[in-house]
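Spelled out, the chains give:
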Amino acid sequence: MKSITKSKPFDEIKECLERFDRIFVIGCGTCATMTRTGGIEEVAGMIGRLQEWGKIVTGSTVIATSCDEMTGAAMAENGQAIRDANCILVMSCALGVQKTAQYIDQPVIPALDTLFMGIEEGPGIFLEACDQCGQCVLGETAGICPITACHKGLINGPCGGTDNGKCEVDKERDCAWTLIYQLLEKQGRLDLMKKYHPPKNFQVAPRPRLIRVISD
Amino acid sequence: MAQSLREALDSGKFVITSEIGPPKGTNIARMLHHIDLLKDKVDALNVTDHQSSVMRFPSIGGCLAIKERGGEPILQMTCRDRNRLALQAELLFAYTRGIRNILCLTGDAVPVGDHKKAKGVFDLDSSQLLHTIRLMESGKDLGGNDLDGVVEFCAGAIVTPEAKPIEPQLARFEKKVEAGVEFFQTQAIYDLENFARFMEFARQFRVKVLAGVILLVSARMAKYMNENVPGVLVPQNLIDELAGAPKGEALTRGIEIAGRMIAALKKDSICDGVHVMAIGREEVVPDILAAAGL
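Chains as they are written, first to last, in the numbering used here: chain A, 1201 to 1416; chain B, 121 to 414.
No lab work stands behind these hints: they were computed from the structure. Treat the hints loosely; a few may be bogus.
As the list claims (entries may be wrong) - Cβ-Cβ distance ranges computed for the label pairs, FRET-style:
{"#": "1", "chain 1": "B", "residue 1": "237", "chain 2": "A", "residue 2": "1214", "range": "20 to 30 Å"}
{"#": "2", "chain 1": "B", "residue 1": "389", "chain 2": "A", "residue 2": "1313", "range": "52 to 62 Å"}
{"#": "3", "chain 1": "A", "residue 1": "1236", "chain 2": "B", "residue 2": "285", "range": "32 to 42 Å"}
{"#": "4", "chain 1": "B", "residue 1": "258", "chain 2": "A", "residue 2": "1370", "range": "38 to 48 Å"}
{"#": "5", "chain 1": "B", "residue 1": "384", "chain 2": "A", "residue 2": "1328", "range": "25 to 35 Å"}
{"#": "6", "chain 1": "A", "residue 1": "1412", "chain 2": "B", "residue 2": "181", "range": "46 to 56 Å"}
{"#": "7", "chain 1": "A", "residue 1": "1279", "chain 2": "B", "residue 2": "209", "range": "19 to 29 Å"}
Here the structure is a predicted model, which is why all the values come from computation and not from measurement. All C-beta atoms, glycine included, are put in the ideal place defined by N, C-alpha and C.
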């Protein structure tokens, strides 16, 4: 799983940073490095832009995986430079931003927008593969997720907007249900196309979501 | 209108429906004019529900106007803008106001419309909405609770006979039949041979099929539909026929084509009726019906 991000427009970042003059920058060595939004190079680029704008960059680090306990260790290692800053700019997905916020008192500002959880389809191509709905139907949809691969997230087959196997929203995108049909046909499981799926439960794990896997 | 849509469908007559597009704004004079013009010439009138995801006066408002003026409305309900609570509530309200026909639609995608940043709801889909209607008729809501007073509706859905590939659409068609649909109004069809093949499939089931006929007003519109409207295929010979019309007479030619198609569908009893869509030219629907000899 990869947390897919894109860089926020620099003007938007500037708006958030306006009131701060000393900034510490954090990148992430996992997903944001793969998506080229928060790796070593992007962090260096950001530092340059901040300095050009007249800000003082007190330090920076690229945490191997910014959404786990390593963030705590990295914070400790960079304690002085972080204390010297009056805000932290985080170039990771929202998981890393929130993890960082748990360890420090200063304001944490995201430099990226988190788009979706995806898999790498090819070099530099990321595809949303799961909406974490809590009721997996992949066993009946030939391994293609209709929640994420269909624009409308339909679970009972294609809408009338499909045309030549493409989606009405984007003619370059495949219609998920055409693909599902074709695979089910190959697998001799076309009867599943006629199976009625009742309305989904959108409260499988109501927000705020939290799960304890270790009992006391 | 003396007869309900269900009675008309059950009578075995060639059923004619048409549709009304509500305005974007509070000026409903033109919509009311169209209703007055058409209500006694057709068996029922659909009112579109934010067609093409473009925000408009609501379908239920148009249906109430039809009802007040003595017509037979078909309430189009999409699942794009309301969750299951709102959909059920609207069904309750519609029933109490004498609306007896619902066309269940999933709804166009949000990005094709004029509120591109809106949240598409799709809490239910068209098949689930059909099930919901039948469930509410049995006295329960989707939460499993008892209703104090039930609904009863003639429930319809849509199908796209020209979709490519057609097989996934046919599977969905069967699912809608299973969900208790009584009638289908189809996406526009222009190739009668292809449509007759679709009807051979549809005739296996106890449902009525009204063929969708969209008025072509110019060769340009026909080409536009081919390129931009999913599941619509206007054959080249019709495009040529429209293009060959003398200047200023393309609309007349389009009316002739629509009338000719309707007459052919009726003559050979290919389907159970037609749904005439004259998007923006509702005033010529009587001319289309006259051209069809109806």
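Now for the hints, and whether the structure bears them out:
1. B:237 to A:1214: 20 to 30 Å: 23 Å, holds
2. B:389 to A:1313: 52 to 62 Å: 58 Å, holds
3. A:1236 to B:285: 32 to 42 Å: Given a distance of about 38 Å, which is inside 32 to 42 Å, the answer is holds.
4. B:258 to A:1370: 38 to 48 Å: 40 Å, holds
5. B:384 to A:1328: 25 to 35 Å: 47 Å, violated
6. A:1412 to B:181: 46 to 56 Å: Given range 46 to 56 Å: holds, Cβ gap about 50 Å.
7. A:1279 to B:209: 19 to 29 Å: 57 Å, violated
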